[in-house]
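Visitor: Work the whole structure out from these sequences, hints included.
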Amino acid sequence: MSRDPPTCGGSLVRNVLLLLKTLIHPGSRWRLLDSEREETTSEPQAPLLERQSAHWKNAVGFWLLGLCNNFSYVVMLSAAHDILRHERASGNQSHVDPSPMPIPHNSSSRFDCNSLSTAAVLLADILPTLIIKLLAPLGLHLLPYSPRVLVSGVCSAGSFILVAFSHSVAISLCGVVLASISSGLGEVTFLSLTAFYPRAVISWWSSGTGGAGLLGALSYLGLTQAGLSPQHTLLSMLGIPALLLASYFLLLTSPEPQDPGGEDEAETAARQPLIGSETSESKPGSSWNLSLQERWIVIKGLLCYIVPLVLVYFAEYFINQGLFELLFFRNTSLSHAQQYRWYQMLYQAGVFASRSSLRCFHIRFIWVLALLQCLNLAFLLADVLFTFLPSIYIVFLIILYEGLLGGAAYVNTFHNIALETSDQHREFAMAAACISDTLGISLSGVLALPLHDFLCQLP
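For the sequence shown, position 245 matches number 245 in UniProt numbering, and the numbering has no gaps at all.
Treat the hints as calculated values from the structure; they're not laboratory data.
The beta-carbon is built from N, C-alpha and C at its ideal position, and this holds for glycine as well.
Please note that a few of the clues may not be correct.
[Claimed, not checked] Computed Cβ-Cβ distance ranges for the label pairs, DEER-style:
1) 226 - 138: 45 to 51 Å
2) 365 - 170: 41 to 47 Å
3) 423 - 374: 32 to 38 Å
4) 394 - 161: 38 to 44 Å
Guide: Below you can see the structure in the form of structure tokens.
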């Protein structure tokens with residue numbers, strides 16, 4: 001191909017001028033080269049900075065979503081002992097004695113039992129979640145993500161208000177049910193949403209849920225220890241639902257396409273769930289467009305993770321809501337209610353640490369964690385029956401270890417599922433697998449109720 005003479009001449013003149021300028025001012029050539037390099041590199045730098053900004057926005061966004069989503073659930077479990085004892089003197093009392101004397105409800109028992117097990121609060125806090133997660137794979141995808149998040153935030157705020165102003169256990173349990181709806185709907189929504197983002201957001205989400213456990217239990221413990229009433233403690237937490245809505249609608253960026261082969265279609269499919277402004281019909285290739293047979297095949301492939309996670313959560317919540325109240329030490333300055341709050345806080349501290357550990361190490365075999373957690377259950381149940389542990393601080397260490405096992409099982413299960421499922425199946429697999437913890441917790445609550453009644457009748 002022949003070159004254009006004017007272009008060649010212009011290039012020659014420019015080179016001559018550049019040579020003369022270099023001879024007169026040698027440093028000017030480097031400045032010129034630097035300016036040309038800046039012009040060529042400034043364009044690719046802008047998208048790189050945008051991607052980095054979006055990465056951190058999504059990382060922080062999913063961490064905050066995990067924090068806010070599980071916060072009300074954790075607080076209700078931390079307040080379970082107070083809800084059942086109904087220690088609030090009145091709705092107008094702003095302070096309570098941080099160290100009340102234990103009030104035995106069963107003077108013939110050595111356990112200082114409530115008339116109703118804290119497992120009742122656990123069931124109110126988990127059964128609505130179980131129903132939501134059972135129905136989610138069948139039709140929850142028909143509702144766009146944004147309305148789901150709104151419902152979750154409203155239910156979370158309603159739970160704090162209802163329990164704070166309640167004057168009966170029944171109404172308080174209705175508030176706990178609202179917290180369960182909020183947590184369950186939020187978990188299945190946000191875990192499904194991770195399918196449209198880089199896999200790293202699963203680690204951030206899991207760390208946030210662990211942070212919810214630690215901050216929720218610690219804030220309830222700290223505020224009540226400082227003398228604030230349970231009522232005002234709950235009302236002070238109303239900013240959490242607002243933070244959840246702000247994190248979703250203001251902080252998260254629209255997902256980037258996950259399928260490089262069909263970028264336009266993938267981008268449309270990915271943006272639709274977050275924005276929620278399109279119709280709910282799934283596009284070809286969506287997880288929710290799978291046939292029943294394909295869904296069953298996916299679920300069967302998940303059983304190697306679902307079954308161990310069910311066992312982990314069954315054992316740890318049998319401990320938490322079935323045995324915590326019965327692990328009562330009289331040779332300590334802590335009251336019964338304070339011991340229960342410390343148990344919850346230490347458990348959640350372990351959960352937070354292990355759910356944030358994914359960047360440090362991965363665990364492939366979840367069944368090992370299930371076995372260790374079941375051994376924890378057997379050991380603490382033996383102590384409840386035979387009271388051979390001399391100090392509450394030994395129980396503190398065991399409960400911290402219990403939280404480490406539970407958090408590690410959760411984060412590694414969903415990380416392994418994200419790695420081993422295809423893009424086509426990942427959204428459905430995440431929604432289906434998140435029933436594991438809820439099923440284990442529900443079974444533990446059902447069995448903990450009769451165990452509580454049996455043990456409290458022992459002399």
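Visitor: State for each hint whether it applies.
Guide: Okay, the hints, checked on the actual structure:
1. A hinted range of 45 to 51 Å for the beta carbons of residue 226 and residue 138 is consistent with their spacing of about 46 Å.
2. Between residue 365 and residue 170 the C-beta distance comes to about 44 Å, which sits within the given range of 41 to 47 Å.
3. Distance hint check: the CB atoms of residue 423 and residue 374 are about 35 Å apart, consistent with the given range 32 to 38 Å.
4. Hint check: residue 394 to residue 161, Cβ distance near 39 Å, so the stated range 38 to 44 Å holds.
Violated hints are absent here; each numbered hint is respected by the structure.
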